[in-house]
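For what it's worth, the numbering used here labels the leading residue of the sequence shown as 1, then goes sequentially.
There could be a bad hint or two in this list.
As the list claims (entries may be wrong) - Below, simulated BS3-like cross-link-like pairs (lysine-lysine); rule was C-alpha separation at most 27 Å, straight line:
1) K300 <-> K176
2) K300 <-> K343
3) K176 <-> K303
4) K218 <-> K176
5) K160 <-> K113
6) K218 <-> K303
7) K343 <-> K303
Stated by the list, open to error - Cβ pair distances, simulated, as ranges:
8) R298 <-> Q262: 31 to 37 Å
9) A278 <-> R461: 31 to 37 Å
10) E480 <-> E230: 33 to 39 Å
11) R510 <-> P144: 46 to 52 Å
12) E110 <-> R543: 41 to 47 Å
13) Q125 <-> G541: 23 to 29 Å
14) H208 <-> E480: 57 to 63 Å
FYI, nobody ran anything at the bench for these hints, they're computed from the structure.
Just so it is clear, CB atoms sit at the ideal spot from N, CA and C, and this is done for glycine as well.
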Amino acid sequence: MHLTRTNGGMDMTHHPSDPTTVAPAPTTPSTEVTGLGRRGFLALATAGVAASTLSVTIGSFSPAAAATGPVSATGAAPSGPVPRKRELRAMWISSVVNIDWPSAAGLSAEQQKAEYLHWLDVAQQYRLNAVFVQVRPTADAFWPSPYEPWSQYLTGTQGKDPGYDPLAFVVEESHKRNIEIHAWYNPYRVSMLADPAQLVPEHPARQHPEWVWAYGGKLYFDPGLPEAQEHIQRAILHSVENYDLDGVHFDDYFYPYAVAGQTIPDAQTYATHGAGFATVEDWRRHNVDTFVQSISQRIKQVKPWVKFGISPFGIWRNASTDPRGSATSGSQSYDMQFADTRKWVTEGWLDYINPQIYWQIGLAVADYAQLVPWWAEVAAQSGTQLFVGEALYKVTSGVFTDPAEMSNHLTFTQQVDAEVAPVLGNVYFSAKHVAADPQGSMTRVLEEHYRHPALVPAMPRLGVSPLRVPVLANARRVPEGVRLHWNDTGPQRTRATSFAIYRVEGEARRIDIEDAANLVATVRTSGHVVQDWVDETALTGRRYTYVVTALDRLWNESRPSQVRRVV
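Produce the complete structure using the sequences and hints provided.
Written as structure tokens, this is what we have:
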């Protein structure tokens with residue numbers, strides 16, 4: 001294989017990835033924030049800097065289309081990567097400290113809705129097929145929860161009703177555009193401030209002060225307390241039970257990142273609950289393991305089709321510490337956050353792993369070209385799907401100096417997919433930077449990798465519906481393009497969730513639906529037997545042939561319909 005591994009030679013001094021931070025405004029780059037990680041941005045935001053310097057068939061795992069040649073040691077991409085029919089293309093939409101959405105606390109319900117629709121426009125512009133939306137940033141809620149108060153990031157006042165149900169709106173509008181919605185939760189964080197008196201009186205942390213402790217200027221639920229774990233899980237599961245979510249998503253926050261000069265204040269909890277563990281570190285990892293395994297099981301008990309995934313810090317352990325680790329020399333989530341992320345994957349507790357591999361190709365301490373194949377090999381052991389977290393904000397800040405860095409990453413992941421183990425997509429932090437298109441980096445990704453739509457990778461272990469082949473009744477010219485009508489002939493309980501439309505030029509007898517270049521669009525079902533859609537990209541005077549397939553909610557696909565031709 002072409003992928004070689006070399007050890008880096010220096011320690012990383014800060015955590016470079018954090019799914020809940022503020023990034024620099026794309027139009028006002030600042031040397032003050034250049035090079036800071038996501039946690040650094042968040043620290044600046046909470047210190048009050050944000051307002052001035054920051055703006056806030058079953059899918060095959062075999063590569064249907066890999067890169068046309070090897071990636072060089074410098075990350076240079078071979079020309080003409082072949083598009084992939086199935087890959088997750090997503091972005092994080094952050095709500096904590098109003099990073100992405102809502103852009104400010106206190107906006108009206110209509111303003112908040114308009115902003116979210118804008119983010120869906122951005123997703124469609126770059127042909128993304130999923131969004132990870134933060135709906136529980138600090139033990140609060142973006143839905144009417146019986147367990148936790150309304151989020152302050154909606155109205156500016158914790159506990160104040162925003163006048164609508166944001167989570168219901170997010171789910172409905174995302175699905176209208178056939179975009180997957182993964183609800184993103186921060187499990188343990190209670191507040192960005194250390195003073196419990198800043199919380200509303202009915203907040204669970206005020207009602208049960210014994211559940212929380214302060215550390216690093218913030219409040220956290222104690223992960224070692226079974227009562228706190230149960231509360232967190234009930235709060236999350238309430239949204240799973242009551243909303244049509246596609247996924248449940250956690251980021252890299254478990255035990256808090258180390259703060260110089262401070263000690264995690266859980267000695268008493270360890271004394272009470274730590275029997276049988278030789279060290280507090282082993283006990284902390286056990287606490288997180290128990291939480292991850294338990295919430296995974298409970299999600300499936302409620303709704304077996306809801307995906308569960310985690311986006312951890314990109315390094316589990318370095319090979320110099322553990323021979324099973326990666327050829328890196330940076331901070332280790334196993335030791336820093338007490339998150340045994342490799343175990344969660346190999347034990348099969350996750351449906352997908354989305355490590356934040358937020359470094360450039362060739363960086364000695366944490367080389368993207370070392371970490372992606374390492375994670376791919378780990379994920380392949382249990383069939384867990386691997387999506388790579390991408391630091392688009394580092395293009396904005398100037399840490400990534402090559403405008404082609406993002407595109408090169410995707411070319412590289414295609415090669416890993418072809419030569420090592422499956423890599424099934426990429427997720428960008430964050431929405432603000434996707435829209436800003438720093439240095440044209442997302443335009444490059446669009447033109448070189450996302451020229452065509454893509455189906456979300458199927459997850460057959462969560463179930464396959466007995467889909468009926470759609471009946472494509474007709475295709476005819478209309479002023480807007482070509483209008484297709486088809487029927488979903490399945491019984492009500494097995495009707496399709498969405499449909500894929502394929503097109504080739506000319507009068508063909510069949511269409512190869514595995515060729516990604518033939519995929520024109522995916523559309524959500526209308527809920528009725530008769531479906532229709534207009535191909536506005538069809539050119540006047542061209543002859544086309546179409547087929548339609550049915551997709552269930554997990555993106556398993558039926559056989560294609562009969563062809564229909566348009567002259």
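Checked hints:
1. K300 <-> K176: holds (25 Å)
2. K300 <-> K343: Holds, at about 19 Å.
3. K176 <-> K303: holds (21 Å)
4. K218 <-> K176: violated (38 Å)
5. K160 <-> K113: holds (17 Å)
6. K218 <-> K303: Outside the cut-off at roughly 33 Å; violated.
7. K343 <-> K303: holds (24 Å)
8. R298 <-> Q262: 31 to 37 Å: holds (33 Å)
9. A278 <-> R461: 31 to 37 Å: Hint holds: Cβ distance 36 Å, inside 31 to 37 Å.
10. E480 <-> E230: 33 to 39 Å: With Cβ atoms ~54 Å apart, the hint is violated.
11. R510 <-> P144: 46 to 52 Å: holds (50 Å)
12. E110 <-> R543: 41 to 47 Å: Distance hint for E110, R543 holds at roughly 45 Å.
13. Q125 <-> G541: 23 to 29 Å: holds (27 Å)
14. H208 <-> E480: 57 to 63 Å: With a Cβ separation near 58 Å, H208 and E480 satisfy 57 to 63 Å, so the hint holds.
Taken one by one, the earlier hints fail for this structure at numbers 4, 6 and 10, listed in ascending order.
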